[in-house]
Amino acid sequence: MTKSGKNWHKKLPPTLYAYAGANTFNSSCFKVSDKVDDGIMKEALLDFYISSGKKKPDQIIIFRDGFLDEKWNPKDCDYYCTKNHHTKFFQQGSLDNVLHGTVIDNKVCHPKNNDFYLGTHAGMIGITRQTHYHVLLDQAGFSADDLQEFVHSLSYMYQRSTTAIFFVAPICYTHLAASQLGAIYED
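Quick note on numbering: the UniProt record's numbering labels position 115 of the sequence shown as 115, and the sequence is numbered without any gaps.
Quick caveat, the hints were computed from the structure, so don't treat them as lab data.
Note that the Cβ used here is the ideal one computed from N, Cα and C, for glycine as well.
You may find that some hints are simply not true.
Derived CB-CB ranges, DEER-like [to be verified]:
no.	residue 1	residue 2	range
1	Thr162	Lys107	41 to 47 Å
2	Ser143	Lys56	43 to 49 Å
3	Gly182	Gly53	35 to 41 Å
4	Ala144	Lys54	33 to 39 Å
5	Gln159	Pro111	33 to 39 Å
6	Val108	Ser179	47 to 53 Å
7	Gly93	Gln59	38 to 44 Å
8	Lys107	Gly39	20 to 26 Å
9	Glu43	Ile184	16 to 22 Å
10	Gly101	Gln139	24 to 30 Å
11	Ser179	Ala144	45 to 51 Å
12	Ser94	Pro57	29 to 35 Å
13	Gln139	Ser52	35 to 41 Å
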């Protein structure tokens, strides 16, 4: 299907914007920044504003891979996920994996914090990995079920896979960007 006319893409509703990526580093040691830089955010927001026909985003959702308490700034971070944990889930009374799309949000999760495990992909017995998601700041007002459904749907949006991956696509894209930057800046 082709679209005709000048600037046809500006008429589309900006429902899900492309992933924004940028690199910053300290020139003395090439240390990659561990927080969202205000300049990068301003640049991404300005790009969105211009490319969407001067529309402002309704909400901004940031996913982080891993997390360190002393580096958390609530203005920078909404959700973070941990995939390198030693938690395994199986179906009750069976050694089979949990079904893909299974959400575990009670008993093994923190009683006061908003966190959950999500098994998004199907795999061989014993090797499926559930990702542990933590909600740090939710100004969008997602209900727990809506957020879990949103996160699950993001696991299907990775362009290199025709099936769900074990964590959200934005995190996968950050790994790709970091890998490419590492290849560019290595000696």
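Check: CB of Thr162 to CB of Lys107, is that within 41 to 47 Å?
Finding: 33 Å, violated
Margin query: Assuming the hint says 43 to 49 Å, is it satisfied by the Cβ distance from Ser143 to Lys56 or not?
Written below: Hint violated: Cβ distance 24 Å, outside 43 to 49 Å.
Checklist line | C-beta pair Ser94, Pro57: status relative to the range 29 to 35 Å that was hinted | finding: 44 Å, violated
Check: Does the Cβ distance between Lys107 and Gly39 fall inside 20 to 26 Å?
Finding: 43 Å, violated
Note to self: Does the beta carbon distance between Gln159 and Pro111 stay inside 33 to 39 Å, or does it fall outside?
What the structure shows: 38 Å, holds
Next item on the list: Starting from the hint 35 to 41 Å, judge whether the C-beta atoms of Gly182 and Gly53 obey it.
Entry: 36 Å, holds
Check: Taking 35 to 41 Å as the hint, is the beta-carbon distance of Gln139 and Ser52 inside that range?
Finding: 21 Å, violated
Margin query: Does the beta carbon distance between Gly101 and Gln139 stay inside 24 to 30 Å, or does it fall outside?
Written below: 26 Å, holds
Notebook entry, point to check: Do Glu43 and Ile184 keep their Cβ atoms within the hinted range of 16 to 22 Å?
Noted result: About 19 Å separates the Cβ atoms of Glu43 and Ile184, which means 16 to 22 Å holds.
Notebook entry, point to check: Between Ala144 and Lys54, is the Cβ distance one that fits in 33 to 39 Å?
Noted result: 34 Å, holds
Notebook entry, point to check: Are Gly93 and Gln59 spaced within 38 to 44 Å by their CB atoms?
Noted result: 41 Å, holds
Notebook entry, point to check: Does the Cβ-Cβ separation between Ser179 and Ala144 fall within 45 to 51 Å?
Noted result: 33 Å, violated
Comparing the model with each earlier hint shows violations of hints 1, 2, 6, 8, 11, 12, 13; every other hint is respected.
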